[in-house]
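Taking full-length UniProt numbering, the leading residue of the sequence shown gets 1, the next gets one more, and so forth.
By construction, these hints were calculated from the structure, which means they are not laboratory data.
Be a bit skeptical, because a hint or two may be false.
As the list claims (entries may be wrong) - Calculated lysine-lysine pairs in the BS3-like style (CA-CA distance at most 30 Å, straight line):
1. K253 / K86
2. K63 / K77
3. K285 / K63
4. K63 / K275
Stated by the list, open to error - The calculated label-pair distances, taken between Cβ atoms and stated as ranges, are:
5. N79 / S151: 18 to 24 Å
6. K168 / P236: 45 to 51 Å
7. Q146 / E278: 36 to 42 Å
Since this is a predicted model, take the numbers as computed values, not measurements.
Where is the CB? At the ideal position from N, CA and C, for every residue including glycine.
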Amino acid sequence: MREDLDRRIHDQKVASEIMNIPDDEWEKYGDNYVDPFKNGERVSFFKVFCKGVESEERIRDMKVIVGGIGVAICDSKDNLIFKVSKGIDVGAEGSSSNKSCEGVSVELQALIEGLNAALALDLKNLTFFVDHSMLYQYVTGAIQTQNSKISTLVNQVSLLQKKFADCKPSLVACSDIKFAFRFAKDAVVSQITWPADNGNGKGKGKLKETCVICYEDTDAYQIFSVDGCFHRYCFPCMKQHVEVKLLEGTMAKCPHEGCKSEVSIETCGKFLDPKLVEIMSQRKKETSIDVTEKVYCPISKMLSIDVKK
1 MREDLDRRIH
11 DQKVASEIMN
21 IPDDEWEKYG
31 DNYVDPFKNG
41 ERVSFFKVFC
51 KGVESEERIR
61 DMKVIVGGIG
71 VAICDSKDNL
81 IFKVSKGIDV
91 GAEGSSSNKS
101 CEGVSVELQA
111 LIEGLNAALA
121 LDLKNLTFFV
131 DHSMLYQYVT
141 GAIQTQNSKI
151 STLVNQVSLL
161 QKKFADCKPS
171 LVACSDIKFA
181 FRFAKDAVVS
191 QITWPADNGN
201 GKGKGKLKET
211 CVICYEDTDA
221 YQIFSVDGCF
231 HRYCFPCMKQ
241 HVEVKLLEGT
251 MAKCPHEGCK
261 SEVSIETCGK
271 FLDPKLVEIM
281 SQRKKETSID
291 VTEKVYCPIS
301 KMLSIDVKK
């Protein structure tokens, strides 16, 4: 497995080098370019990004707590070389039933999964990245937990770290967790969708998912995922939410309570009229201009805005 991994990394490096060669040079000397893989060629440093999430979801008429973990192992240039995306059992009430370990347990399980994957790949030197402050303090020994479950998981992490030549943690912003967050949310989604019955006795049809706002069972491809947080809602609910925010004169954020992720203008075309998408774009331009620099058209129905020269 490790030789296959080294070969893949080598091929990615060669492909990157070729892409950076100017066209005129490639045309002249491209036929002579050779960089074969050598047995024993090893990449010495890796990055392991880990993310665990748990989420309250609805499956038809049931409210459930589901968990997912995502791991992205990258080389030193952030090329993805291995991934993990899997659901985990978080219990009927999730970790929120115990405030002392809320969110940390699933994060630790994701980290353990990532370190085990790195061991299976025979990696020796790595840095693992997390975005959860409490988790970081636990694994660095900055604070001690009184929760027996968390303590057991932290000890597992410590034992796994000792199996590497060099294995150190790094605390980063949520936006720096690379692909791991998406892999974790994909694992959650896989647990809340189900194949609909075609009704003709010929097996299962399209995947269905329950919108947590209207509780309607909706085709999964008609569900909108908010960038950044990946909370998911059906197109009609998102359309109504964004239209209300536009009428209020504000930019739309994720409908989930307390979530601050902004709804991307580029993705709203899936459910919004093009004219409203244009208004959203205009609003975003307005917010980027200092109020002292704005000059509005005197005709009230006009949306035009200019900047003082």
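Results for each hint:
A hinted pair counts as satisfied when its Cα atoms are at most 30 Å apart, and K253 with K86 qualifies at roughly 28 Å. For the suggested pair K63 and K77, the alpha carbons sit about 41 Å apart, so the restraint of at most 30 Å is broken. At roughly 40 Å between alpha-carbon atoms, K285 and K63 are farther apart than 30 Å, so this suggested pair is violated. About 36 Å separates the Cα atoms of K63 and K275, which puts this hinted pair outside 30 Å; it is violated.
Here the CB-CB span from N79 to S151 is close to 36 Å, at odds with the stated 18 to 24 Å. As the Cβ distance of K168 to P236 is approximately 48 Å, the hint placing it in 45 to 51 Å holds. Distance hint check: the CB atoms of Q146 and E278 are about 55 Å apart, inconsistent with the given range 36 to 42 Å.
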